[in-house]
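Colleague: So you can see what is in the structure, the chains are spelled out below.
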Amino acid sequence: MSSAARTNPPKVVKSVHGIGVACGLAAGVWLGAAEAPTKLVNSGLSPYAISLCMVAGVFTARWTIPTLLKGTRQVFADLSEHRHLIPVAILAGMLWAVANTLTVFAIRDVGLAIAFPLWNTNSLVGILWGRLLFGELKGASRVNIVKVVLGATAIVAAAVMLGFSTIHGSGAHNRAVGGVLAAIGASLLWGTMYIPYRKAYISGMNPLSFVTVFTIGELGTMLTLVLALDGGTKAAVFHSGETRHLLFWLFLGGFVWVIGDLFQQFATKYLGIGRGIPLSNTNQMWGLAWGALVFGELAHADAHHRLLVVIGSLVMICGALAVTTAVATEQENSSMREALVRECARYDLDYDRVMKSYAGQSPAMAVERRAWWDYVILACAVGVFIWLGRNAEVPALSMNLAWVAALTAILLASAGAGGWLLWKSTKFS
Amino acid sequence: MITINKTRAILTDIHFVIPVVVFCFGLALLIALH
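Heads up: the sequence lines are chains A and B, in that order. Position 347 of the first sequence, counting from 1, maps to 347 under this note's numbering, and the rest follow consecutively. Here this note's numbering = 1-based position in the second sequence + 429.
Pulled out of the complex, with its shape left as it was, chain A reads as follows:
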């Protein structure tokens, strides 16, 4: 079949924009909530230790709910079919691990409420890569281009406002520059991490398979960083009694993160980088909600500082919304399919099969039943969380429990809605 014919297939592919939007919103809620446990960085553990614990939590959590969604048979069959994507998924995990460590430095030096929105500019990097590498916005309508460009500009303006408020605010003046640099570095790494995400999905890989390899990449990288830069085998994280009491909260952060990351990956699959990532980056609003409402982070901030944070956040959200309400036209979809054709040609993939997977139509293996060992794996992973929970101590942080309950209810509602929509439309394909 000619390239032109392949980029103009019959219209059997249903619209997945709504599914992508729902996943992006749910990702925002969950990724925002996942940041709360990193406040334990004030506990005395190193940023590397905090990151390693969170990543171990992410790795463990991958084998809980995600294992229920798709069993290991389906995941490994998918991985076998897309072996060439395994190094790419590991690389994505490595990028995530380094970026996450940078964010812990950023939180330590300039605080969560400021660092969090700053590294959310990774959506700008994502838009750039989406356009350059995957044909996103190529052939888009003028309205859509304006929405994306204005939205992206608004996000940059918001980030500058938030960064400016950091430099002139009270607190860690000596480390503010380092903290801002760390947050910007995290933005670049995370923005680039979406290249492997998108590559995997235009090759027909399932997000759950991708996450499986991804978590191995991030755990291996964090372990290496601790061994190389944080004291080696004598690192406090391996020996400190304090670690055991904190581990549950960091694992909990990892659990929340992996759910958010899964939604983000589905959003990337069904919306593309340029639209999916800004939408999931509404997590800054939820991060602020947890920080301000639950932990009272802005309680002692002056009016000017608060105003900057609020306006910056609102502008960033408006920008992200403008970007993501730009529904792709058929001409733009055709450009994106060219990227898919490129993958098929380069790696000798079956175009029709890849196109079906890309559009959320699950291949035949979706009907496979779970293996018995899936339930053993699930029980082990849940057992780890229970064991850690029994050793956990409630951190000495003042928390508003009413807001904890309210925000947790929103978490569950968003996961329920997003999960139901994904199951109904795509069977988590």
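Calculated directly from the structure, the hints in this document are not laboratory data. Warning: the hint list may mix true and false statements.
DSS-like mimics (lysine-lysine), calculated; alpha carbons at most 30 Å apart, straight line [as the list claims (entries may be wrong)]:
#1 Lys356(A) to Lys435(B)
#2 Lys356(A) to Lys138(A)
#3 Lys435(B) to Lys138(A)
#4 Lys356(A) to Lys424(A)
#5 Lys427(A) to Lys356(A)
Below, a sample of chain A positions facing chain B; criterion: calculated Cβ distance under 10 Å [said to hold, decoys possible]:
#6 Val88
#7 Leu95
#8 Val98
#9 Phe105
#10 Pro196
For each residue, glycine too, the CB sits at the ideal point set by N, CA and C.
Fit chain B to the supplied structure of chain A, relying on the hints for placement.
Modeller: Relative to chain A, chain B alone:
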């Protein structure tokens, strides 16, 4: 099995090369801040 040709296809793929370069930059920044 990934053949030599596929290995070459991966290693010379811009989708692989760019993340590798950015990863190296991020690692250098991390070491500098350490």
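Colleague: It remains to establish, for every hint, whether it holds in the given structure.
Modeller: Here's how the hints hold up against the structure:
{"no.": "1", "hint": "Lys356(A) to Lys435(B)", "verdict": "holds (23 Å)"}
{"no.": "2", "hint": "Lys356(A) to Lys138(A)", "verdict": "holds (22 Å)"}
{"no.": "3", "hint": "Lys435(B) to Lys138(A)", "verdict": "holds (28 Å)"}
{"no.": "4", "hint": "Lys356(A) to Lys424(A)", "verdict": "holds (16 Å)"}
{"no.": "5", "hint": "Lys427(A) to Lys356(A)", "verdict": "holds (13 Å)"}
{"no.": "6", "hint": "Val88", "verdict": "holds (6 Å)"}
{"no.": "7", "hint": "Leu95", "verdict": "holds (5 Å)"}
{"no.": "8", "hint": "Val98", "verdict": "holds (4 Å)"}
{"no.": "9", "hint": "Phe105", "verdict": "holds (5 Å)"}
{"no.": "10", "hint": "Pro196", "verdict": "holds (6 Å)"}
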